[in-house]
Structures are given as C-alpha cells and as structure tokens.
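So you can see what is in the structure, the chains are spelled out below.
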Amino acid sequence: MVIYGVAILAGCFLVGTVVGEFIGAIMGVDSNVGGVGIAMLLLIIVVDKLIKAGKISKPALDGLSFWNQMYIPVVIAMAASQNVLGALTGGPLAIIAGIAVVIISLACVPLISGKQKEAAITSPTIGGEADA
Amino acid sequence: MLDIILGVFTDNGLVMAFLVIGITMWLAYLISNKLTKGRIHGSAIAIVLGLVLAYIGGVATDGSKGLSDVSFLAGVGFLGGSMLRDFAIVATSFGANFDEIKKAGFRGIISLFVGVLLSFIVGVIFAFMFGYTDPVDMTTIGAGTVTYIVGPVTGAALGASSEIIAISIAAGLVKSVLVMISTPFVAKYIGLNNPMSAMVFGGLMGTTSGVTGGLAATDPKLVPYGAVTATFYTGLGCLLAPTILFLITDMIF
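The listed protein sequences correspond, in order, to chains A and B.
One point on numbering: in full-length UniProt numbering, the residue at position 69 of the first sequence is 69, and numbering is uninterrupted.
One point on numbering: in full-length UniProt numbering, the residue at position 246 of the second sequence is 246, and numbering is uninterrupted.
Misleading hints may appear alongside valid ones.
Unchecked claim - Interface residues of chain A toward chain B, partial, derived using beta-carbon atoms under 10 Å:
no.	residue
1	Gly5
2	Gly20
3	Ile104
I should point out that these hints are in silico values taken from the structure, not numbers from a laboratory.
The beta-carbon is built from N, C-alpha and C at its ideal position, and this holds for glycine as well.
Please model the entire structure based on the sequences and the hints provided.
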C-alpha cells in the first residue's frame, strides 16, 4: 500500500521534529535544532532495515518515491513565497552584507571539503529517482 | 462570473498550487531545453521564475510572503511552507547513502561551526563599516547574515530595535535568494559534485531554503547531503548568536 510508505515518512518526520524541539528546549533556544536532519537519518536507517528484511512492498516504496520527487515543485513553491521584495528593499547594508557572506562562504567549501572524486553518488536503495 | 472562478481557486488553494507550480515547471523546462539547449538546468530556471513571481506578488500586494499573498494563490504558500518543505526534504533522504553521510560527518560538523562563525563575523564587519557601533545592533545584523531566522531571534533576545531587526532579516533573505540562484553556476568551481562537498556546502551556507533550492538546481541527488547539515545550522546560530557571539562582540566593541 502506497500509504505505508507515506506513513513511514510521516512517522520519521514527526519523531525527528519532536526530538529537534526537545534539543532546542534543552539548549534554551526558541528553535527546532536539527529536527529535519534527525528525521532524515532515521528514515535512511528504517528504510534500509525494512528493505534488507524484505518487509517493504514496491507500492510502499512508491509512496516514499512520490514525495522524494515532489521535492523540486515544493522548493519552487517555496521560492515563489519568499519575501524577495523585502530582500531587495532592505537597504544597501543588507544587500552588500548578504552578497559578501555568500561569496566568502562559497569560497570556503573547497577548503573544508578537500579534494573529492567527482560524482561518487551511488544509491544503495532502490527507487529514489531524485532527478526531476 | 470572475468571482465564482476566483472563489473556486481560493477555496481549493493547494490544488490550485499544484497547477500553478506545474505550469511554472513546464515553462521552465521548455526555456531550459529550447533557449539554453539544456545548459541551464530546468529546475534552476524554475526557481528563478518562482523568485520573480514572488517579487511580482510582493509588489502587487505589499505583503511579505511573495506570490502567496495573492488571495487565490495562497495555496502556493502552503505547498512551499515549512511543513511540506521539511516533509519533502526528509523524503529526499530516501535514496541517500548513509555511509557517505558518516564519512563526511566530521567535516560536516566543522563546516557548521565555521559557517555560523564566518557569516556572523562578515555581518558584524559590514554593520561596523556602515556606522553601527552598538554591540546589540552589530550582533543582530551579524545574526541576520547567519540566516533570516537567527537575526530576529537574536534581535528579540537582545532587545534590538525593529529597524535593526528588519535589516537583519533582509540580509538573511538576500543570502538565501543569492544561494538559490548562484549555486548551479559556481558548483563546478567549488567542487560541488559529491556528497562530501554537498554536506560541507550545507554546513557553510546554512540557509535551508537557499541550500536545498541551490542544490536542487545543481544536481537533485546532492540535496539530501546538503540538507542534512543545513538543518542544524539555524538552531546552532540561534544558540550561539545571542550568547557567546554577543558576549565576544560586546567585549571587542
């Protein structure tokens, strides 16, 4: 059943979000700390275990795959709901500081990641067709 | 007549959003294939189209939520809002390689701390150059260049004025929009073509919307790796900026 895959995703999402809120509360921060990241790691582990145990059906994986591929449309909807006007009318300080921080941070990516082989992306699990 | 049609669109916001975003993507991929012969990825064009629509929505309604402030397009805001966005981000990890994440874990954590610290310092320096010498103002603007959520959280904690908080949010927004647009173009120069560099990229840039949007436009397979670190960034920023980073700024100035 397709809904099983969606339900597994929903379960991981909610557990991660709750944990993230707790971490935030313990740290005394009014923010979710890493909830989505924790949910992602949880989903990877859970799905991996289920596939290895042969306990997850093709339709259930399709339920996961659907939301995996809905990611780009969701990102575009997100872009369309950004306060772009606010960014452009925030004054020169906001614009210059924003540009500077992006350039400097981008320049640091190769410094920290070091030399890596190109396109070492393999997916061990089936499905997960992320290209849209 | 028009009222009835707009009424249907408004009442079925999410369904309307599926249609609007679907058409936007179709148009974007058409532009990508016909005008750029596939050189610029369709999703990169779609994101830019989305941002242009957001600007038009902002001008038309004077609101802060882009296209979704137009009443019959409010569903776009729901589809791109934090709930479905985070839900879809989690779904991208389906297909990600856990071993790669473990392998890059240490550098990912380093990049998180460097990213928050670096963004904060850049913001503080520019605030100083623009004549802000009050440590509360400088910290709030510095926090804004971390992300547009850390800025207001920090400003509220330190009691900054609403004008300063507005600048900090704007700086974060500029960062986020710029990361979305520039990532596909700079990707090959910064080696952004493998899980490790994607995780470092996520940790350094930190803005979840910028990182995931930028990576989606570069190579969708990299999204989960960037997202897994980026989602810790705002929380770390909210933790460090109003506390340690404020104390240090206060000591120096």
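Tested hints:
For A:Gly5, the shortest C-beta to C-beta distance to chain B is roughly 9 Å, which falls under 10 Å, so the interface hint holds. About 7 Å separates the beta-carbon of A:Gly20 from the nearest beta-carbon of chain B, less than 10 Å, and the hint is met. Proximity of A:Ile104 to chain B holds as hinted, the smallest CB-CB distance being about 6 Å (cut-off 10 Å).
Comparing the model with each numbered hint stated earlier shows that all of them hold.
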